[in-house]
Structure formats: structure tokens, C-alpha cells
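> Listed below, chain by chain, are the residues.
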Amino acid sequence: MAIVTLLTDSGESDHYVAAIKARIISINPGIRIEDISHKIEPSDIAHAAFVLKAVFRDFPKGTVHLVGVDATGNRGDAYIAVQLEDHFFVGCDNGLFGLISEKPHQQLVELNAINTVNTTFPERDVFAPAAVKLASGVSITNLGIPMATFKKMIDRQVKATKKQITGTVVRVDRMGNLITNIPKEVFDTLSKNKVYTVQFGGEKFRKIHLHYNQAEQGECFIVFNSLGLLEIGIYKGNASQLLGLEYDSTVNIIFEE
Amino acid sequence: MAIVTLLTDSGESDHYVAAIKARIISINPGIRIEDISHKIEPSDIAHAAFVLKAVFRDFPKGTVHLVGVDATGNRGDAYIAVQLEDHFFVGCDNGLFGLISEKPHQQLVELNAINTVNTTFPERDVFAPAAVKLASGVSITNLGIPMATFKKMIDRQVKATKKQITGTVVRVDRMGNLITNIPKEVFDTLSKNKVYTVQFGGEKFRKIHLHYNQAEQGECFIVFNSLGLLEIGIYKGNASQLLGLEYDSTVNIIFEE
Amino acid sequence: MAIVTLLTDSGESDHYVAAIKARIISINPGIRIEDISHKIEPSDIAHAAFVLKAVFRDFPKGTVHLVGVDATGNRGDAYIAVQLEDHFFVGCDNGLFGLISEKPHQQLVELNAINTVNTTFPERDVFAPAAVKLASGVSITNLGIPMATFKKMIDRQVKATKKQITGTVVRVDRMGNLITNIPKEVFDTLSKNKVYTVQFGGEKFRKIHLHYNQAEQGECFIVFNSLGLLEIGIYKGNASQLLGLEYDSTVNIIFEE
Chain A
0 MAIVTLLTDS GESDHYVAAI KARIISINPG IRIEDISHKI EPSDIAHAAF
50 VLKAVFRDFP KGTVHLVGVD ATGNRGDAYI AVQLEDHFFV GCDNGLFGLI
100 SEKPHQQLVE LNAINTVNTT FPERDVFAPA AVKLASGVSI TNLGIPMATF
150 KKMIDRQVKA TKKQITGTVV RVDRMGNLIT NIPKEVFDTL SKNKVYTVQF
200 GGEKFRKIHL HYNQAEQGEC FIVFNSLGLL EIGIYKGNAS QLLGLEYDST
250 VNIIFEE
Chain B
0 MAIVTLLTDS GESDHYVAAI KARIISINPG IRIEDISHKI EPSDIAHAAF
50 VLKAVFRDFP KGTVHLVGVD ATGNRGDAYI AVQLEDHFFV GCDNGLFGLI
100 SEKPHQQLVE LNAINTVNTT FPERDVFAPA AVKLASGVSI TNLGIPMATF
150 KKMIDRQVKA TKKQITGTVV RVDRMGNLIT NIPKEVFDTL SKNKVYTVQF
200 GGEKFRKIHL HYNQAEQGEC FIVFNSLGLL EIGIYKGNAS QLLGLEYDST
250 VNIIFEE
Chain C
0 MAIVTLLTDS GESDHYVAAI KARIISINPG IRIEDISHKI EPSDIAHAAF
50 VLKAVFRDFP KGTVHLVGVD ATGNRGDAYI AVQLEDHFFV GCDNGLFGLI
100 SEKPHQQLVE LNAINTVNTT FPERDVFAPA AVKLASGVSI TNLGIPMATF
150 KKMIDRQVKA TKKQITGTVV RVDRMGNLIT NIPKEVFDTL SKNKVYTVQF
200 GGEKFRKIHL HYNQAEQGEC FIVFNSLGLL EIGIYKGNAS QLLGLEYDST
250 VNIIFEE
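Residue numbers (numbering that gives the first Met the number 0), protein chains in the order written: chain A, 0 to 256; chain B, 0 to 256; chain C, 0 to 256.
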């Protein structure tokens, strides 16, 4: 069964999400729709990109991801469909898709360039019909005009030397846990047999745990999470509030010689 | 496949919505359930009516819309099933259904009048079984006792003269955008070749845009939105907060001779 | 069609819920997934147990309930699958399942004891695969190692004598209604022909209503709700805020001789 996922910043108290679903069902009632989230902060591309990057590969290959975050974009932003890592993405070329994968795209077309639908609601009027076509087996090349590239923004990069890894918080989750961009592979490569200190805010820790519950209640845990990223939290507490860290805060791992 | 949509003010942190869905599935597991929203403000009929009116026609004809907003209603309010514009609606006759369409209803029955189920949870115990029957092809006339009419409340009307259109904000959406009840057709009919001013709060504008992104960031846009209604917003900002306008605020369009 | 319900404290602004669903779909795309709630307060076992207990029996027998609330639990808590009242439950043995039924369990196994998956995200990596197997017809005894018992916490009990019933608020719902643990059967048994007073906060009432709308707007209603439990509310108001009562507040029913 073809799957279309939805990721929007539309919230759940208006008609927008239901209108997108209704359009999809009206075109092809056989499609399975799965919500990723509609609680992305309005026009927050970094939030949306984090969530999409974290989960899209968990869906079966061939899944179509309709992304209605900052859907109108800035003047001149195209509406696009992209094939990337054997998944399809439909949305606005506002920079979001450039943040979810470092692999080159497989196919890329501009939607709505021919027979343009003039609309203030592209999620329903442009993205939904395109997503249905992709999920129904229509070739992406039949959906629009080929494009060479889409927008790439430069994401915060981890700085890693033999002495230090410096990363940033890329997401504060519902629990208040601080997810950084420091990958386990980088740590494993650099940390071999070395004593290290994890620093953030005014705190210093000398241990990375395997599980959240290896900390005592109210104490800090530091783990490599299910995304393979360094995550800092307070066991049964809100680390963001208690430690005063937020999106874009710095986290260092310092190695001793 | 038969579709039942759900629109409630039950929120998502209790068992209520799941209990409605479980009842539907238990009676007929073949039914497709689609959420419109469960984030309607408690007993806010205006909010619910706006959302339902904005989206019900996007679903296929024959869709059954179960509405659990102010579900108990006031003393004496009947539980009803209505056929309207080839859609079915099941809920409480609390005035909500009178706000979603100006067309005459096709069929109308009172539910729960014979073999009355005495319950504090009519969404689960009365509306769900009726919705399943409708979605399964049972004739609406077999569901209850025919009624002549249901409650009609008088909605805020737009006042339109050759000199001026006066409307009100009928919905502040998640983004803070102000959706009015001023239809594009009325504006188009009256504005021909005339210079006009759009006034709201202390603001005056002389242009209606085609797209949200025709305004600069932080500036006002005014568009006719995907519902054909005049909508005021701040591009990448919250118009309701920044302009101090809210539900029921007045918006004028004044034509020069 | 096999059903898997989801009940988590993961919220809806992160990737977690979508990751669980994606895992289920990837293993068996024929499974129907139904959300109970993802808005359980973080690690709030009492909240989750109330919601689950209130609704699980409304689903068809054989339904699999995946519970990701306080999913990691405390050190030493096992991951388990339980068969109880002909439903299946998968989650952490953190005490939650001990609160949803007083019946003895039918089957109980420890998951993840053989071929242990080491993960910080057991909902996706342990519970989802187990839930899919159960929903696909695999015997629960094939999922893990048999256990004798799971954690039982002692829930707040109602005290009932010929003179008085004393209960507590076990849930404040979205509307601010106060749901107590006082069952209708206990009241019916003790109240025969007696005059009674319901007391809570500084309030005293001498009548239990049949319906919410038997109170006037802004006044108190007291009903036995659809769960058969005494519920106190303000008609079209928020009883918790207006009466100053909350989770664990005491409610008394006093009988006169």
C-alpha cells in the first residue's frame, strides 16, 4: 500500500491538515496517510528538518513525504518534488530539504511550473496532488520540469580535533532533553583510551551513560541516543529548563592527553 | 471505503477520542476514520462551525462527519443526523449545523428518540453507532424519527454597499492570521476600477496581495485565501498579537468614488 | 484486521511517535494503528493508567496496546508483554499495567531477555516489533521468557461505610471536570432511601444529576459518568480551576440515618 506522510506547521486546531488529507483521499482513497507531526513551530525549518531527517528512513523506501512547513516560502522559491535515498519529498524549496541528507538527489522536478495553480494553500492544491501521483506510481519525471539543484543551507557543523569536539544543541525535545549534533562515530574515533570531560553550561561530566536510567532521579544523563547523537537530559526532569540550555547552545567534549 | 470524520472539543490527553474510535472499529472494522480536529475550544460552536464549513466539502460526497462539540448541548437539544450537500452529519442540535451551509437539508432525523440510550457520553454511545450505520450504507431515514428543521443561529453578516464593505474576523488561525467573513465575490462585484482602502485596527492599506510572500517579512499581507475569504496576516509574524485584533474584530473596505 | 494502539508520553512535536509507526508499518504494512494519546504528561504513570483503563475494553478483544510511557523505567524494570482480559499489552514493567485491571493476567513474558537489543528507544526497537508479532498472530509465549508476575502498585482505594464514602479525584480532564474513583455500584448499594450530601472543597450538594446539562450554566453538576464513576464539573466552566480541586483531592458522600 502506498504511504504518504504529512509534516506541517499547521497545528491541529484549524481545517488545514484535514483539507490536505481530504484532497489526498478524494484523489486516491487507497492511500495510507501517516502524520509525522503538525506541531512544527510556524515556519521553523530547522525544527522540521531535524524531525524529518530523524525519521524518514524508518519508513519503507518509496514513501512519499509531503512537507508543509513554511510552505509558501520566500518570493521565488519553487515548489518541488525530490527523490532522495529512495524516498520522495514534496514541498517548497525553502532550504529544508537541503538539511535532511548529504547524499545527492536522484531526481528533482519543479512542480506547478506548467499549468500553474495559483493558490495561497499549496499544501492542498499543489503538494497533495503531486504526492498522490508519486504514491500511485507515476514517475517523478512526469510531474514537472527537471531542475539541476535545490537550495542547500549550511547546517551547524561539529568541530572535531584530537583535543576537543565542539557541537551544538540541535533540538530540545518534549521532555526537555537536549539533542546535539555530535555523532557517536566521531566520539568513538577520537576518544580511544582517553579520559574526557563533557562540558555544557557550567557543568562538567566525565561519563557517558548507556541508558537514561543509569542516572539517579534529578541527575544528568548523557547518552548517545537512538539517532547516534549525543543527548543530555535530566532523569525524570527537564534539562533545558534546569540547565538553562536551549537550541544552539554549545556542548564540548574535551580529551586529556 | 466508507469514511467517518471526527471533530470534537475533547482534546487529546483523555480517553474520549479513542473511545469513539474504538466503538466505530468494534462495530465495523472496515471504516476509515479521519480526524478533522480535537482541538476545538471547549463548547466553542463558532470555532467548530468555521472549521467544519471550511473543510467538509473537500471530503468525498457521502462522507459521514461525527461532531462531538458541545455534544450534550442545552436541555432539550436533540441528537440528530442530517444530510446536507450530499454529506452526512451526526451530532447535537446545538446550533452548530445551522452555521455550516445555507443550502436546505436533504434529510433530517432525530436520533435516540426510540430505544433511548441514556448516557453522559453521546459521542460514543449515540453518534458513533449512527455514524457507522450511515457509513455502512443504512438509509438515514432508518436511523430515527423525521424532523422538520434543526436550529439556525444567525451568523455575523457582511454589510456591503457601493461605498463600503464591513466584515468581521471569524477565525484567528494557529499562525495568528485573521480570517474574515468578507468573500472575494462581493469585493470583486463592488470594487471594479475603484480605488479602495482596507481598514482594521488603526491600519490602512491600499492593496490586496495575491500571495502571503508578496509582503516583506514583518509586514502586513492581505489576501483572498483558499476559502475565498479576506485574510490579514503578518508575513512570518503573528498578526493577531501584533495588530491587537481578535475574533469578532471589524474589518472595513472603503471604496472611493 | 489486526489493531495496534499507541499510548505514549512522547508528545507530537518530535519524531518519536512517527518512528514507532514507521517501524510497525515497515514490518507489517497490513496493521491498523490507532492513537490513544501521545499527550500523557512525561512519565506520569497514573495519568496513563487512567486513560488506558478507561478505554482498552472498548477496542475489540485481541487488540495490542503498545504503551510508551516512562518507557525506560527504573533500573531493573523489565520490558514485558502481558495478556489481560483478552487484550495484549506491551511496554515497561514500571507499575502501569498493575493499575489497569484487577483480573489476573493470562500470559506474561519478559521481552528482550534473549538476543537483547540495547537501545535508548525501546518503544521503537523492542515494543514495536513485539506488538507487530502479537497483532500478526504470533503466540505471546514465543516472544520472550515466561514471568510469574508484574509490578502491582496499590492505587488509591475508596473507603465505604454505611455512613460515608470517601474517594479521591483520579483525573482532571481537558474540560476541567473532576473524575473520582467512587463507583456507582458502591453508591447504589449504600444510598438506598437515604438522604446524602456530596462534599468537596468547601461545597456541599444534595443531588446527583443524570446529565451534565441538568445544571445551570456556571453551576456544579455531579453525575455518574460513562465509566460509572462519580464526576464533578461546572456546566460550561472549568471545575478544577473554579473549585480549586485537583488530582488526589478528596470527595466525600455522607449519608444521614
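Hints were generated in silico from the structure; no laboratory data involved. Owing to the predicted nature of the structure, the values given are computational and were not obtained by experimental measurement. Errors might be hidden in some of the hints.
Each pair may be met inside one copy or between any two copies, as identical chains are not told apart.
What the hints assert, rightly or not - Dumping the calculated DSBU-like pairs for lysine-lysine here, alpha-carbon to alpha-carbon at most 35 Å:
hint, residue 1, residue 2
1, Lys161, Lys52
2, Lys183, Lys132
3, Lys191, Lys150
4, Lys102, Lys162
5, Lys151, Lys235
6, Lys162, Lys132
7, Lys161, Lys132
8, Lys203, Lys158
9, Lys161, Lys60
10, Lys161, Lys38
11, Lys150, Lys206
12, Lys38, Lys191
13, Lys60, Lys193
14, Lys235, Lys150
15, Lys162, Lys38
16, Lys102, Lys235
> Can you give me the call for Lys162 and Lys132, within, between, both or neither, at a CA distance of at most 35 Å?
So Lys162 and Lys132 fail the 35 Å test inside a copy (51 Å) and across (47 Å) alike.
> Reference check for the pair Lys102 and Lys162, CA-CA at most 35 Å: within, between, both, or neither?
Classified as within; 29 Å inside a copy, 59 Å across copies.
> When no copy is specified for Lys161 and Lys52, does a C-alpha distance of 35 Å or less occur within a copy, between copies, both, or neither?
within (28 Å within a copy, 54 Å between copies)
> Between Lys203 and Lys158, at a C-alpha cutoff of 35 Å, which is it: within one copy, between copies, both, or neither?
within (19 Å within a copy, 50 Å between copies)
> Indicate which option fits the pair Lys161, Lys38 if close means a Cα-Cα distance not exceeding 35 Å: within, between, both or neither.
neither (39 Å within a copy, 43 Å between copies)
> Is the C-alpha distance from Lys191 to Lys150 at most 35 Å within one copy, between copies, in both cases, or in neither?
neither (38 Å within a copy, 41 Å between copies)
> Taking 35 Å as the upper bound on the Cα-Cα distance, should Lys38 and Lys191 be classified as within, between, both, or neither?
neither (40 Å within a copy, 41 Å between copies)
> Tell me, please, which holds for Lys161 and Lys132 at an alpha-carbon limit of 35 Å: within, between, both or neither?
Answer is neither: 50 Å inside a copy and 46 Å across each miss the 35 Å cutoff.
> Reference check for the pair Lys151 and Lys235, CA-CA at most 35 Å: within, between, both, or neither?
So Lys151 and Lys235 pass the 35 Å test across copies only (21 Å; inside, 38 Å).
> Go through the copies and call it for Lys183 and Lys132: within, between, both or neither, with a Cα cutoff of 35 Å.
Answer is between; shortest inter-copy Cα gap is 31 Å, intra-copy 39 Å.
> Cα distance capped at 35 Å. Does Lys60 pair with Lys193 within a copy, between copies, both, or neither?
neither (40 Å within a copy, 55 Å between copies)
> State whether the alpha carbon distance between Lys102 and Lys235 is at most 35 Å within one copy, between copies, both, or neither.
Intra 37 Å, inter 30 Å, cutoff 35 Å: inter-copy only.
When held up to the earlier numbered hints, the structure conflicts with 3, 6, 7, 9, 10, 12, 13, 15 and fits the remainder.
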